[in-house]
Amino acid sequence: AQSVTQLDSQVPVFEEAPVELRCNYSSSVSVYLFWYVQYPNQGLQLLLKYLSGSTLVKGINGFEAEFNKSQTSFHLRKPSVHISDTAEYFCAVSETGGFKTIFGAGTRLFVKA
Amino acid sequence: DVKVTQSSRYLVKRTGEKVFLECVQDMDHENMFWYRQDPGLGLRLIYFSYDVKMKEKGDIPEGYSVSREKKERFSLILESASTNQTSMYLCASSLQVEGNYGYTFGSGTRLTVV
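Same order as they appear, the protein sequences are chains A and B. For the first sequence, the numbering used here begins at 54 and goes up steadily by one. For the second sequence, the numbering used here begins at 25 and goes up steadily by one.
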């Protein structure tokens with residue numbers, strides 16, 4: 054069975070500082086990996102996805118993530134955050150050939166002025 | 025702009041009531057999903073459907089049922105609402121069941137059962 058662990062429940066950071074949100078997964082088969090963002094009182098929006106190929110994936114709003122197969126990680130990074138990046142971020146994994154996507158518990162990013 | 029629309033943003037229902045949550049997508053997606061979101065637990069899959077009239081149980085189907093009579097509409101039914109079903113409910117759709125296109129989510133329905 055697959056699982057997703059987001060290592061930090063909350064991450065406070067100052068505006069214009071870099072940020073990394075950590076995600077580890079476990080699966081016995083090949084996977085697709087995703088990051089979603091949820092702004093207050095809204096549904097989830099796809100930030101980026103890893104399907105195959107280059108392990109560095111670029112997404113919307115200046116975010117990127119790196120797939121590390123040996124460490125089973127898919128950490129999300131942004132070199133300089135803005136107040137508007139304050140939101141909850143979810144890592145998700147889907148087994149290739151599977152029917153379900155499993156979501157992590159979420160990481161709340163607080164960007165302070 | 026493509027959309028997944030959930031009929032209600034907020035609902036308050038009484039214990040024992042039958043509750044219907046409606047979801048409509050305009051993207052001609054084959055696959056639709058219902059999740060519930062609770063603090064610290066992330067999203068948990070209740071039911072999904074990969075075709076009209078087809079449905080599959082997710083990880084927490086107890087106390088819920090679903091209906092998909094048309095491709096664009098996927099309804100979640102709480103047969104007899106209980107307070108432990110107070111939650112945020114999210115509907116999503118996708119082109120392929122394997123999830124390699126990612127999901128498009130609705131804005132959610134926050135249900136309170138009193």
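Among the clues, some could well be false.
[To be verified] The list that follows gives simulated cross-link-like pairs (lysine-lysine, DSS-like), each with its CA atoms no further than 30 angstroms apart: (1) B:Lys-79 to B:Lys-27; (2) B:Lys-95 to A:Lys-102; (3) B:Lys-27 to A:Lys-111; (4) B:Lys-81 to B:Lys-37; (5) A:Lys-102 to B:Lys-42; (6) B:Lys-77 to B:Lys-95; (7) A:Lys-153 to A:Lys-122; (8) B:Lys-81 to A:Lys-153; (9) B:Lys-77 to B:Lys-27; (10) B:Lys-77 to B:Lys-42; (11) A:Lys-153 to A:Lys-102; (12) A:Lys-153 to B:Lys-27; (13) B:Lys-94 to A:Lys-165; (14) B:Lys-37 to B:Lys-27; (15) A:Lys-153 to B:Lys-95; (16) B:Lys-42 to B:Lys-95; (17) B:Lys-79 to A:Lys-102; (18) B:Lys-94 to B:Lys-79; (19) B:Lys-94 to B:Lys-42; (20) B:Lys-37 to B:Lys-79; (21) B:Lys-42 to B:Lys-79; (22) A:Lys-153 to B:Lys-79; (23) B:Lys-27 to B:Lys-95; (24) B:Lys-77 to B:Lys-37; (25) A:Lys-122 to A:Lys-165; (26) A:Lys-102 to B:Lys-81; (27) B:Lys-42 to A:Lys-122; (28) B:Lys-94 to B:Lys-81; (29) A:Lys-122 to A:Lys-102; (30) B:Lys-95 to B:Lys-79; (31) A:Lys-153 to A:Lys-165; (32) B:Lys-81 to B:Lys-42; (33) B:Lys-94 to A:Lys-153; (34) B:Lys-37 to B:Lys-95; (35) B:Lys-94 to B:Lys-37; (36) B:Lys-95 to B:Lys-81.
Note that these hints are calculated values from the structure, not bench results. Just so it is clear, the structure is predicted and the values come from calculations on it, not from any experiment.
### Task
Enumerate the violated hints, using their earlier numbering and listing them in ascending order.
Going through the list in order, the structure violates hints 5, 13, 25, 27, 31 and respects the others.
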